[in-house]
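**Q** Listed below, chain by chain, are the residues.
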Amino acid sequence: QKEVEQNSGPLSVPEGAIASLNCTYSDRGSQSFFWYRQYSGKSPELIMSIYSNGDKEDGRFTAQLNKASQYVSLLIRDSQPSDSATYLCAVNGGYSTLTFGKGTMLLVSP
Amino acid sequence: DAMVIQNPRYQVTQFGKPVTLSCSQTLNHNVMYWYQQKSSQAPKLLFHYYDKDFNNEADTPDNFQSRRPNTSFCFLDIRSPGLGDAAMYLCATSRDSGTGGHEQFFGPGTRLTVL
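Sequences listed follow chains A and B, in order. Start counting the first sequence at 184; every next residue gets the next number (our numbering). Start counting the second sequence at 559; every next residue gets the next number (our numbering).
These are computed hints drawn from the structure, not numbers from a lab. Since we're looking at a predicted model, the values are computed, not measured. Fair warning: there could be bad hints in the mix.
[Claimed, not checked] Each computed DSSO-like pair below joins lysine-lysine, with the alpha-carbon atoms no more than 27 Å apart:
(1) B:K596 / A:K225
(2) B:K602 / A:K185
(3) A:K239 / A:K250
[Unchecked claim] Only some residues are given here: those of chain B computed to face chain A with a beta carbon under 8 Å:
(4) L641
(5) G642
(6) A645
(7) S652
(8) D654
(9) F664
(10) P666
All C-beta atoms in this analysis are idealised placements derived from N, C-alpha and C, irrespective of residue type, glycine included.
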């Protein structure tokens with residue numbers, strides 16, 4: 184059974200701070216890793232994808248992948264109240280499907 | 559803009575009354591997915607179509623069926639909805655070229671209420 188684990192939160196950070204979201208996965212053969220943002224009552228929106236070890240930066244977002252530790256993280260710099268949402272980690276193991284974590288709720292206070 | 563469209567956005571049905579949810583896409587993606595998501599839970603994959611090939615998840619109840627008449631459209635049929643089927647139903651698409659990736663793009667979802 185492939186598993187993706189995330190702390191459910193909520194993770195509370197003040198506006199302007201760095202938010203750090205973490206995810207671990209069980210399938211060592213996983214190849215592709217994704218972060219989705221989901222606002223309450225809305226559908227998931229893809230914000231980052233990462234395929235190789237190291238960091239990948241896109242604007243205020245940085246995804247970090249460590250396959251040896253089976254760990255992927257998302258950093259959000261200069262957090263804004265509009266970043267308040269649930270962040271879903273998703274992992275692909277070589278087929279066409281993704282395994283999702285339950286998500287971490289992020290709350291950014293003004 | 560290329561997108562994934564779901565209709566209706568909100569669906570209310572009665573216990574046991576069949577319901578059909580629809581999904582269309584203009585992304586020309588070859589893979590289409592149906593997920594069920596309940597509050598504070600991860601999206602749960604029900605089925606996916608890889609081109610015309612139908613793939614059913616082992617734990618998807620028989621009450622759920624799907625059709626993909628062409629590349630652009632996919633339907634989810636719930637034959638006899640129960641109270642436990644109330645959820646957000648999400649359609650997603652991806653382009654699988656066989657070289658990895660598998661980024662999935664979601665439609666806005668259909669919120670199903672069962673009375």
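**Q** Broken hints, numbered, in rising order?
**A** 4, 5 and 6
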